[in-house]
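Student: Residue numbers (our numbering), protein chains in the order written: chain A, -7 to 267; chain B, -7 to 267; chain C, 25 to 602; chain D, 25 to 602.
Please note: incorrect hints may appear among the correct ones.
[As the list claims (entries may be wrong)] What follows is a list of derived Cβ distance ranges for each label pair:
(1) A:S259 / D:D221: 25 to 35 Å
(2) C:A186 / B:D253: 26 to 36 Å
(3) D:D197 / B:D202: 43 to 53 Å
[As the list claims (entries may be wrong)] Simulated pairs of lysine-lysine, DSS-like, Cα-Cα distance not exceeding 27 Å:
(4) D:K96 / B:K5
(5) C:K418 / C:K476
(6) A:K245 / D:K33
(7) D:K33 / B:K124
(8) A:K124 / A:K204
(9) C:K471 / D:K271
(10) B:K124 / A:K248
(11) B:K172 / B:K204
(12) C:K271 / B:K245
(13) C:K418 / B:K252
(14) C:K271 / B:K252
(15) D:K476 / B:K124
(16) B:K5 / B:K204
[Stated by the list, open to error] Chain D is nowhere near these chain A residues, computed Cβ spacing over 12 Å in every case:
(17) N208
(18) Q209
(19) V267
Treat the hints as calculated values from the structure; they're not laboratory data.
From a predicted model like this one, the values you see are computed outputs, not experimental measurements.
In this text, a Cβ means the ideal position worked out from N, Cα and C, and glycines have one as well.
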Amino acid sequence: MNAPAKMKASDFKSDLTPIWCPGCGDFHVLMSITRALAKLGRPPEEVAAISGIGCSSRIPAYTNCYGFHGVHGRSLAVAAGLKVARPDLTVLALSGDGDGFSIGGNHFLHACRRNVDMTYIVMDNRVYGMTKGQPSPTTEPDWDSALTPGGTGMNPFHPLVIALASGANFVAREFSGDIKACTATIQEAIEHPGFSFVEILSPCVTFRPDEKEWKNQVHNAQVEATDDPARAARRIMTDDGMNTGVLYRGSRKPFKASVKDSIGDLSTLEAAFEV
Amino acid sequence: MNAPAKMKASDFKSDLTPIWCPGCGDFHVLMSITRALAKLGRPPEEVAAISGIGCSSRIPAYTNCYGFHGVHGRSLAVAAGLKVARPDLTVLALSGDGDGFSIGGNHFLHACRRNVDMTYIVMDNRVYGMTKGQPSPTTEPDWDSALTPGGTGMNPFHPLVIALASGANFVAREFSGDIKACTATIQEAIEHPGFSFVEILSPCVTFRPDEKEWKNQVHNAQVEATDDPARAARRIMTDDGMNTGVLYRGSRKPFKASVKDSIGDLSTLEAAFEV
Amino acid sequence: MNATSDLNKNVSFAIVGSGGMGAITAGSIMLEAAGKAGFHGLLNRSVGPQIRGGEAAALVRLSTQPAFCMSKDFNILVALDWKNADRFIGAMPVAAGGIVIADPAAGAPPRAVIDADCTIVECPIGELAKAIDGGRENMIAVGLVSRLIGMNEEQIMEIVAAKLKRKGQAAIDIGRTCFRAGFEAATTFAPTFPLADAPTPDAKRWLITGNEAVGLGAMRGGVRFSAAYPITPATEVLEYLAPNLAKMGGALVQAEDELASISMIIGASFGGLPSVTATSGPGLSLMMESLGLAAASETPIVVIDVMRVGPSTGIATKSEQSDLNIAVYGFHGDAPHVVIAPLSVADCLFTGQWAVHIAESLQTPVIVLSDQSIGQSRVLIDRPADISFMTQRKAYIDNGEDYFRYAVTADGVSPMSLPGQAGGQYTADGLTHGERGTPSSDQNDQKQQMDKRGLKIDLFNFGDHWGVDEGKGDIVILTWGSLTGAAREAIVTLADEGINARLVSLRQVSPIPFEALNNALFGADKVLIVEQSASGQFYRHLRSQMDMPDNIRQLNREGPSIISPDEIVAQIRDWNDQ
Amino acid sequence: MNATSDLNKNVSFAIVGSGGMGAITAGSIMLEAAGKAGFHGLLNRSVGPQIRGGEAAALVRLSTQPAFCMSKDFNILVALDWKNADRFIGAMPVAAGGIVIADPAAGAPPRAVIDADCTIVECPIGELAKAIDGGRENMIAVGLVSRLIGMNEEQIMEIVAAKLKRKGQAAIDIGRTCFRAGFEAATTFAPTFPLADAPTPDAKRWLITGNEAVGLGAMRGGVRFSAAYPITPATEVLEYLAPNLAKMGGALVQAEDELASISMIIGASFGGLPSVTATSGPGLSLMMESLGLAAASETPIVVIDVMRVGPSTGIATKSEQSDLNIAVYGFHGDAPHVVIAPLSVADCLFTGQWAVHIAESLQTPVIVLSDQSIGQSRVLIDRPADISFMTQRKAYIDNGEDYFRYAVTADGVSPMSLPGQAGGQYTADGLTHGERGTPSSDQNDQKQQMDKRGLKIDLFNFGDHWGVDEGKGDIVILTWGSLTGAAREAIVTLADEGINARLVSLRQVSPIPFEALNNALFGADKVLIVEQSASGQFYRHLRSQMDMPDNIRQLNREGPSIISPDEIVAQIRDWNDQ
Ligand SMILES: Cc1ncc(C[n+]2csc(CCOP(=O)(O)OP(=O)(O)O)c2C)c(N)n1
Ligand SMILES: Cc1ncc(C[n+]2csc(CCOP(=O)(O)OP(=O)(O)O)c2C)c(N)n1
Ligand code: SF4
Ligand code: SF4
Ligand SMILES: [Mg+2]
Ligand SMILES: [Mg+2]
């Protein structure tokens, strides 16, 4: 990554009007991402934003980067393929809690483990927004919905702990409304080598109007980020889920395979078949 | 579960000859399962063994229980459906490290979280046996294979930590060669309410001959099982992967939905549509 | 009821606005009130990709007779606002001679409306609502439309009161005030479209969507377990099942993805419980491997695919009939199974029940191809008849002999034991296996079991449920599933013009009901094949398996715009003239 | 070479044993030695489900001319043991007049062998091996067979020495001692099957499997990225690519499942790199949703499906041609794409390369239907010609105007920018979209883009690679993919009998090459359609899309037993006699 050029957040915004509900937290996430990219200073064409399906997954087309809006749940795998094939690019995977932790859970586990140098931002609103309000893995057990009358009764999922246990190299949680913190953390996540994971609490004002209260509930983690995953995991497992900030900075080796200069002459390969 | 009747391990063995390689650890796992079931004392027809695809997943047909040998990676979901539909049965899901943690990783996460009352036994040989020796998520980073020359370079996966972080209610690790310990742990896992997970280190003598050494490497966990998942997770994240024994006994509420006595008369449902 | 001489047997209206304004609620209230008054009718909703703030429209047709499909144009269009109207107004054209009521504050009507041969009337809907404390535009719209079609305050307020009961009398009163304001505002509007009197129904009408009906049908068939992963436009099937299964002693589990949901119903069915899931194309794609497992392991399951526009993630909220290929041919290997399709919103009930009957009888997966156009339509129908199939899995009875789960039998169906039955233990297997279930790579085992699985379907008695053959004449309109309604209207219209055409439509999509279909097509002079798929999947499916008559034409296209009765009529008319 | 007068142009032998005994290594050594000596030949392996201790057999055919398929019976059968022989011996019958060499210590030969019209000779293979320090039965077997077919020590030892070089001279010497022991033991055995002299090849022969060849072909086509999830019988494609991609500057990533592997290659291809994955039926099922995404987002990818016996998990190690349906029709929605199939082991190379050419030219997914019978066969072939296609994605060139990724063009192919290109930014989308890629639910956008995606394939010049039309006569044997070899042998045999039959076989499975195929079938009197699928997927596919000649018969069945030239000959002979 070269030294920041004079780029503005607006250089990273497309001219499409987002189709989110007025007040949706994702507007702020979009702002933070474009600001972080501007600070990073790479031109938009060297950044690729990969997503799945969901309200949150609509985000790539609202940036002025290269984007890929794929099928539900697979953003991480598409992004990993892209990054290994094109190590020169800055690759972001962008997802929702349903896309990323429910149908996409397996790719999450293995992306952390694989530790490809990219950044994963999940807009966690603890609900399936796009399909009109079903519980996601991060939804509280007693949240009532048409699909799960009376609530799921299941403990919500700890994305940050799973990330740590599976080997993510940078782990943070932010709140969408705090654009400054989000911007700084996203920038750091991108600059951190290996797989960086940022969970952004991003309210769904339509199906979870209660989340409008989040702005009063989040609080900055009172602790310094650690580089001991076991310690970080224990800490997160016992926090209230509203702690924000960078929680873990690791130094594991990023994934080794990547495409280099292609050799066009296959004669050595062909010779191997001669008898 | 009623008081143990006089059942023998052989009552739980079918008359099929397993097609495993001579010396495969799975023979011992089969012995331990049948012994544990005998101790449990439920008749074989009240037990169902559900598996995916792999050498290890062949196990159901070698028992005299009801069995389901499904497709690769889905044993946990089939088992959950069965248990919710038939809460009267004892349900075991049986899998390998590839079946369970690679293609089946998402179901693993969510089965732990859902906490349906069943027992998950994974025969972990740190390799894909059936497809002739590719690395699995638990394989060491430097293990050489045709598919990953020089090794994957990736940190192996911590199934026990993932289980804890996602909410499994009972977590243990055993070594297949220690039939007595395996038997006791499997029995306890079955009797423990909610989702119980037992990882059994079970050598693949053909593709991982080095694993014949496991018998000298495993050692009983020197600590008491805890009921604090954060503590257990931290402990396991820092152990050497060769600790055996019950590592966590939880008391989370098992999954609530289950089928009860079916009501045949749907007239109240129909009335709801009348105008 | 209005008593002018100029009464209508049919009236269609659209209420358009932005998400959150309640246009769809307004349409629902009117439909329900009409149902109570004895009318038939249906409601479709048209919503944009935005959840809130995007466009949302209720399209309603009311009729004195059963209504088979939405009308292609609308007598009345009420616009609460015109936001994004360009994006969707093409789908709800105003009929010649129709009336458009628009709030001048919402800006100029879109081109398509201005150009239409209709009367445009201004009405300050927003202001009227604002003038009432707590007032809402949508109830003003209800008043406007009621006045124009001749519904009265009592008919409407009965429904409103029931809907708002929980919110208290004050809310009901506000609703009434809004209704009156709209009703009053419309006194001078013309033209009006007063409905003729409705015949008094024998029993209470039902108001139901296709998604609810297919869920209820499955439960009538005995389903007590479901596993769910939400997807538009199938989610309402699952949301119907969730509380109602629980009420009847059953259970629904929300799964982490479609791989899990299909696996869960396989597990439950292995345990003996008839089980179902619902999804749409993207989810069905993910289920194919396990559908093959259900076929090979002979585990009965029902998958309801509420089709939407494809390919890939396509258009979630719009209809197409383009999952026929994957449903019939999307398996790896040869995996005989059954695919059926409801012929109307009401028929979802029967088809849902029949699906369970077939699956349980044959121990095979059954795919139901519903689609958005019927799944999300709400209709007024006569109470559907009780149908009871003698559905039972062929049970294992312990006779002391060794049990062979996959025993070859005369009808191809092997007795199936259930966990808990002593002596019936076996391991179900998706690998090639012999009669006992043990994996095998033997040619004879493979052939024997493949033949058995084919035979049981070939020999099954599908009864006379294969489809419909209506009307007379040697022109045949051949279609399937949801387009049956449009085709039915078309033959009525054609008959009025003196052209005799028959409607032949398949409920049984695969295996093709060869005998019945050949009989139905016998002697046909012209056959028009109508389907909502750009590649003509239905036509290609038929011709892959049977010899087709010579004189065939196709009326087919991609979604989202649904083929209308008029288009069918036009094609037949043209062809007839040649 | 043996110089008796009674020389053979073809000889087939099988070496059977248990996994771990090295039967397959023995067969490979002989094949390689034969290749060096100028012969053609091929080797199939037959392995049971056990990794070790289960049955394992090498089936080898050597020939003085190109050999298209395995022979249906074997001149020589060497049994290292008879364990599980009943389970597989049916698949390797001894030819009339053949010889069976068995170790008496391994017990009695199975019924099928005893009943065969052949000579059974006892030979204490195990004892001979044990007598040599470090000796192995399989090298004894090599000696035995070499003696019977007339290969000499030097020919064999050159190969053995190369293979054992790393293990040192001692190992090589042990091998030689074993070879000699077997060779000596066989001096008195009869009958023998000495091979005629081989023609001297112009260049060095290649020894290659279909799985290797398709991998190399893809790399010739420009592939430098792959993502892999192992599955029998496709794993060797991936295991070939892993080290060889790395050598050429590319990379292979092992994925967590097939959902990930297909997604990864889509990502890499979006980045501009031609990409491939390989799988078999169960994995292909899991890839269908994302294959649809590749079609809708117009991302070029190649998926090699090495078919095995289905349905469901079926038989992993055996061949069938029953994934045609899913490959062609297994998409939800209408998603035009391309399906091709190699016609032989050697043709895997061309077809692999062609697949990449088509995918890149059309920005579409291409599915290659190989199968176990060619994927895992090892053959001796002449070095395949260099083929170079002018493969290039239609590139985006910044001309200062706004870029529309999905612009409508005359040939249906839109210029595609690649990340890094300034001004070319766009978001690829699997939702229905307009020219720019923005999601849309507009009928016109849907139609425009559907038409475009169909058109680009319709207009593509597939050249004369559609398939083969060989021989002459008005009887046509119509087949596809791997059965081409058997059909080719059949027409040769038929010609010898004076029956002129033509071979028409499709490499281009979908879209069907209508013009070429109609030309090939023009005037055909009888058409026999040959395929390895119980439901006749190929035949049904053809008739769904085109009018077929009247006089058609089918020779088709499920796997694992592969349709042989003899069966084809018998069918034609019968038909001709009628
Ligand atoms: C295979 C598949 N299954 C289901 C869906 C339906 N679907 C679309 S978005 C979504 C959930 C989105 O939730 P989340 O990722 O949290 O995004 P949000 O809308 O809340 O931002 C689902 C289930 C789909 N498109 N594809
Ligand atoms: C969808 C699918 N993908 C791949 C395979 C091939 N396959 C069969 S078993 C297996 C791995 C088995 O590994 P593991 O679960 O560790 O079992 P083991 O053989 O080691 O006991 C794979 C990849 C398959 N059968 N189905
Ligand atoms: S439904 Fe929720 S997540 Fe979706 S756009 Fe609206 S507020 Fe945002
Ligand atoms: S290959 Fe390995 S896991 Fe499979 S049976 Fe043999 S020893 Fe066991
Ligand atoms: Mg969400
Ligand atoms: Mg394993």
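Student: Run every hint past the structure and note whether it holds.
Tutor: A quick look at each hint next to the structure:
no.: 1; hint: A:S259 / D:D221: 25 to 35 Å; result: holds (31 Å)
no.: 2; hint: C:A186 / B:D253: 26 to 36 Å; result: holds (32 Å)
no.: 3; hint: D:D197 / B:D202: 43 to 53 Å; result: violated (29 Å)
no.: 4; hint: D:K96 / B:K5; result: violated (40 Å)
no.: 5; hint: C:K418 / C:K476; result: holds (15 Å)
no.: 6; hint: A:K245 / D:K33; result: violated (59 Å)
no.: 7; hint: D:K33 / B:K124; result: violated (36 Å)
no.: 8; hint: A:K124 / A:K204; result: holds (17 Å)
no.: 9; hint: C:K471 / D:K271; result: violated (45 Å)
no.: 10; hint: B:K124 / A:K248; result: holds (24 Å)
no.: 11; hint: B:K172 / B:K204; result: holds (19 Å)
no.: 12; hint: C:K271 / B:K245; result: holds (22 Å)
no.: 13; hint: C:K418 / B:K252; result: holds (23 Å)
no.: 14; hint: C:K271 / B:K252; result: holds (10 Å)
no.: 15; hint: D:K476 / B:K124; result: violated (44 Å)
no.: 16; hint: B:K5 / B:K204; result: holds (25 Å)
no.: 17; hint: N208; result: holds (35 Å)
no.: 18; hint: Q209; result: holds (34 Å)
no.: 19; hint: V267; result: violated (4 Å)
Hint check: violations occur at hints 3, 4, 6, 7, 9, 15, 19; the rest are consistent with the structure.
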